[in-house]
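Visitor: Make a model of the complete structure from these sequences and hints.
2 protein chains.
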Amino acid sequence: MATRPETCGYLIAPDPLRPGLSRAVEGIDQTGAAHRISVVEERPLTIYLNSREIVTAMTIGDYPEYLALGFLRNQRMLDSDDEVTGVEFDPELDVVVVRTARQTDHEAKLAKKTRTSGCALGTVFGDMMAGLDGMKLPEAELTTSELYSLAHQINRTPSLYLEAGAIHGTVLCRRDRPLVYMEDVGRHNAVDKVAGWMFSEGVPAADKTLYTTGRLTSEMVIKTALMGIPVLASRSGFTAWGVEIARQVGLTLVGRLRGHRFVCLSGAERLVFDADPDSVPEEGRAHRRKGAVA
Amino acid sequence: MATRPETCGYLIAPDPLRPGLSRAVEGIDQTGAAHRISVVEERPLTIYLNSREIVTAMTIGDYPEYLALGFLRNQRMLDSDDEVTGVEFDPELDVVVVRTARQTDHEAKLAKKTRTSGCALGTVFGDMMAGLDGMKLPEAELTTSELYSLAHQINRTPSLYLEAGAIHGTVLCRRDRPLVYMEDVGRHNAVDKVAGWMFSEGVPAADKTLYTTGRLTSEMVIKTALMGIPVLASRSGFTAWGVEIARQVGLTLVGRLRGHRFVCLSGAERLVFDADPDSVPEEGRAHRRKGAVA
Numbered sequence: 001m002a003t004r005p006e007t008c009g010y011l012i013a014p015d016p017l018r019p020g021l022s023r024a025v026e027g028i029d030q031t032g033a034a035h036r037i038s039v040v041e042e043r044p045l046t047i048y049l050n051s052r053e054i055v056t057a058m059t060i061g062d063y064p065e066y067l068a069l070g071f072l073r074n075q076r077m078l079d080s081d082d083e084v085t086g087v088e089f090d091p092e093l094d095v096v097v098v099r100t101a102r103q104t105d106h107e108a109k110l111a112k113k114t115r116t117s118g119c120a121l122g123t124v125f126g127d128m129m130a131g132l133d134g135m136k137l138p139e140a141e142l143t144t145s146e147l148y149s150l151a152h153q154i155n156r157t158p159s160l161y162l163e164a165g166a167i168h169g170t171v172l173c174r175r176d177r178p179l180v181y182m183e184d185v186g187r188h189n190a191v192d193k194v195a196g197w198m199f200s201e202g203v204p205a206a207d208k209t210l211y212t213t214g215r216l217t218s219e220m221v222i223k224t225a226l227m228g229i230p231v232l233a234s235r236s237g238f239t240a241w242g243v244e245i246a247r248q249v250g251l252t253l254v255g256r257l258r259g260h261r262f263v264c265l266s267g268a269e270r271l272v273f274d275a276d277p278d279s280v281p282e283e284g285r286a287h288r289r290k291g292a293v294a
Numbered sequence: 001m002a003t004r005p006e007t008c009g010y011l012i013a014p015d016p017l018r019p020g021l022s023r024a025v026e027g028i029d030q031t032g033a034a035h036r037i038s039v040v041e042e043r044p045l046t047i048y049l050n051s052r053e054i055v056t057a058m059t060i061g062d063y064p065e066y067l068a069l070g071f072l073r074n075q076r077m078l079d080s081d082d083e084v085t086g087v088e089f090d091p092e093l094d095v096v097v098v099r100t101a102r103q104t105d106h107e108a109k110l111a112k113k114t115r116t117s118g119c120a121l122g123t124v125f126g127d128m129m130a131g132l133d134g135m136k137l138p139e140a141e142l143t144t145s146e147l148y149s150l151a152h153q154i155n156r157t158p159s160l161y162l163e164a165g166a167i168h169g170t171v172l173c174r175r176d177r178p179l180v181y182m183e184d185v186g187r188h189n190a191v192d193k194v195a196g197w198m199f200s201e202g203v204p205a206a207d208k209t210l211y212t213t214g215r216l217t218s219e220m221v222i223k224t225a226l227m228g229i230p231v232l233a234s235r236s237g238f239t240a241w242g243v244e245i246a247r248q249v250g251l252t253l254v255g256r257l258r259g260h261r262f263v264c265l266s267g268a269e270r271l272v273f274d275a276d277p278d279s280v281p282e283e284g285r286a287h288r289r290k291g292a293v294a
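If you're matching them up, the sequences are chains A and B in order.
Going by my numbering, the first residue of the first sequence is number 1, and it counts up by one from there.
Going by my numbering, the first residue of the second sequence is number 1, and it counts up by one from there.
Derived by calculation from the structure, the hints in this document are not laboratory data.
Predicted, not measured: the structure shown is a model, and the values here were computed from it.
Note that CB positions come from ideal geometry on N, CA and C, so glycine has one too.
Honestly, I wouldn't trust all of these hints.
To be verified - If you want the footprint, here are the derived chain B segments under chain A, 3+ residues with CB under 8 Å: (1) 27-38; (2) 160-173; (3) 212-223; (4) 270-279.
Guide: Here it is in structure tokens:
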């Protein structure tokens, strides 16, 4: 497995020491001694589409423009041919406004959302599921050597997770190369930021793999499919509905990816076993993602 | 540390083998061999308050009545003096209807929700934060021996997590005794089910501790405070806003609780150090919660 300098292949890598993303907080430890730890920030960001307030997201606060674009795109409030004429972030108000050339039909979609979505849910399933009707993702091959190499590199990338914990990561990859690594307190936000970057840059999806630290729930699977990405991998586990949707749309779904172990529950016929699992080292303690992300 | 039979102190314990909560799914492992694993279910549940559709939650599916009651209560769509005249669950339609004697003001709250809440967020902060104004939780003592004993018992309790992974747990405790252990795909749902049980049974909160496997985000802290519970503990980490709100309302907040280690970032003056951390065993591999929950 080739090793690269830790963040040099990335187009966007985490910037764990960037001011404003975490802060030092004083407390005590189990011995009663004073203890100072680094804790991630969590702040509201209100997203507008043209003159309409759409949602307030709780976010770590970086890449608000990508988060807004990706959220609107994954909710299908922005169509692939919508011309975005501006994205303005106001850090004082914690507001981001996305402007489009034509008026969108988000009023109708908002009405639907009020009925079908909400707090305990985390997503607007009505619109998102509708976007999956008849979808078949491209039949992308995935080699196990690429999979192991990605996990190895991502786990060793300096990140806010390694610095402060309690945060999720989503990484857009191509073959054995991680390209864009976003982190956020909500895993939906991390994947929406990746989607926003792809939409902004007009990046093709068919040759990509998405890696997430979070569970492979229906929501993660739906978002990945709507983004057109044919492979989703995670170190975490599955839900039954996530597996069902992945099989329906032809998404390759790999979970419980740790050290040399993994389980593939959808698209196994597209896996190419070119690596010897016994040659893959166990995860080192320092780099192992801990249960702290939950 | 006293050991008890695994689930006998509980009023409600997980029932990991109950049909309908998980299913066996076929896939392959890293060697290409067929591999069958148990995967948790995830299904929609639509909650009505009287004739009004409020929200659709993605849930594992157990205790729908408690989930509905707890959700509505934590959103302050049900007041503490509201008389619930009926809770009807329809398993065919995946719908639960909560009926109250007097009409509630949920129409106004729904209007607020449309503006302030949504998919990337997971909660209606407008109403929830308002409920915290001027709140001071009772000054409950917490001994470290109770804390260690709770973690030890909870980690050893047979659960859907140990059976299938990819799920969160929330446990209502009194002193060193875990009482009600709820699990769900969303940690909000697990805590709402506990809230629904407390509301149904009229259980006092001032002498309780809440344990969660999830992160100590603003949302978890707000829900715990709204439930009137003065202590929140987790094996996971913190967010800065979660810590800030806990300090504001006087909630004792303990995180990163693993083996003999923990960090307390709010209410440390109420901790009583009556256990020797060195006498606490490290977590056994079989019982250690893995990063799979995320």
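Visitor: Each of the hints needs a verdict: does it hold here or not?
Guide: So, going through the hints one by one against the coordinates:
| no. | hint | result |
| --- | --- | --- |
| 1 | 27-38 | holds (count 8) |
| 2 | 160-173 | holds (count 4) |
| 3 | 212-223 | holds (count 7) |
| 4 | 270-279 | holds (count 3) |
Going down the numbered hints, you'll see the structure goes against none, and every one checks out.
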